[in-house]
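**Student:** Sequence:
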Amino acid sequence: MPRKSAPAVSSVNAAAVPPDIHVPADFGARVVDWQRVHGRHDLPWQNTRDPYRIWLSEIMLQQTQVSAVIDYFQRFVAQLPTVQALAAAPADQVMALWAGLGYYSRARNLHRCAMQVVSDHGGRFPTDPAVLATLPGIGRSTAAAIAAFSAGVRSPILDGNVKRVFARFFGIHGHPGERVIESRMWGLAEAALPVPGPRQADDMVAYTQGLMDLGATVCSRGKPACLADALACPLSADCVARRDGLTATLPTPKPRAAVPERSTVMVMVRHGRDVLLQLRPDSGVWGGLWSLPEMPVATVPFDPELAEQEALGYARAFGEPSRADMAGELVHVFTHFRLLIRAIRVDMAALSLREPDSGPARRWLSLDDLDALGTPAPVRKLLEMQARGGLF
DNA sequence: AAACCGGGGGT
DNA sequence: ACCCCAGGTTT
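Counting in this note's numbering, the first sequence runs from 36 upward without gaps.
Keep in mind the hints are simulated off the structure, nothing from the lab.
One or more hints might be untrue.
For each label pair, taking beta carbons as the anchor points, the in silico distance ranges come out as [claimed, not checked]:
#1 D77 / A113: 26 to 32 Å
#2 S218 / T99: 23 to 29 Å
#3 D127 / S298: 50 to 56 Å
#4 P79 / G319: 49 to 55 Å
#5 D279 / A113: 24 to 30 Å
#6 G232 / P171: 40 to 46 Å
We treat Cβ as the ideally placed atom computed from N, Cα and C, and that holds for glycine.
Please construct the entire structure, taking both the sequences and the accompanying hints into account.
**Tutor:** Right, dumping it as structure tokens:
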């Protein structure tokens, strides 16, 4: 008896399941069985094979939780019960029905999609996920959901809930938004589908809904139900995150955007115990505080010699400098960037009678009287170090 | 205030 | 083909 050949794996996006990841043969069956007992069965878009209602609910659910969608869904299908009615409706009516749901570009796509289904597909939704995904507002995951619910097509979904379930169950580290992680998950999603059987269509409905329900109600972001009761989840027995205590760390959160690093060169013009400060503009960082003068110096690559020369040049506006030396470096961390401060100390042999009267307000401050002025924390630190006479 | 989210759109 | 955004809500 010739065996049926294995179903062709779609070559596009076919990510092999890494050899170290094992997909239990009964993964799908466990989800299916769990859904039939513990999943949701009475949502207004369930218990139908009407692709119009299924599609509409999937689009609404892309952005809003079930509880908020229900009323909108009911109103929408009451007024526009078919894809033909929607396609023929004026945009104003569609937007009015959507008003309050947010993400209005999706409402516009919804309308366009309806018109396209009517004009290009004879008013009947395709059942092939690849074809569905060509329609406006329908991506790969939504296409699979529509195909599964409306026609029992065996095709994997991968929404945020499923990504969380997979990251935890298979112990996948790395942010799911990353290309490699996401494509690995699509591979797993394919591999984890229920094995084809006599009840494939029904199984796919239960499986697809089951993954959604599991992610939404049991394998939640904050407190997965398995922590209190392992039996709450049909996957808990061999869930990697549960086994290793990683439910709090998986899925890996989006990496904090690398804080940009800026650098600046500050000059400490010293005359005896006095140091020259200047007033910062009211707006911007450290607005209205007295700070050290900063020099517009090329800092990449940083050349200490050059910076010292420039510091000397700067100081000549105030008298006769005797020497300039690197005094140290200091990193100050803001919320939105790191500032590398390089400080150059310039000692004045003599001050000129008249200082420049243009530029920001300036004054001398004694290192023994640092409390007299408000200075930015890192500048204060630099000054305190000077006061103690030390380097850094 | 920061993460999250499926798809679209820009490069 | 890849990266990033828009536009909301949730934590």
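**Student:** Now tell me, hint by hint, if it's right for this structure.
**Tutor:** Hints, verified against the model:
1. D77 / A113: 26 to 32 Å: 18 Å Cβ-Cβ, so the 26 to 32 Å window is violated.
2. S218 / T99: 23 to 29 Å: 27 Å, holds
3. D127 / S298: 50 to 56 Å: Given range 50 to 56 Å: holds, Cβ gap about 55 Å.
4. P79 / G319: 49 to 55 Å: At roughly 54 Å between Cβ atoms, G319 and P79 fall inside 49 to 55 Å, so the hint holds.
5. D279 / A113: 24 to 30 Å: Given range 24 to 30 Å: violated, Cβ gap about 49 Å.
6. G232 / P171: 40 to 46 Å: 34 Å, violated
In summary, the numbered hints that this structure violates are 1, 5, 6.
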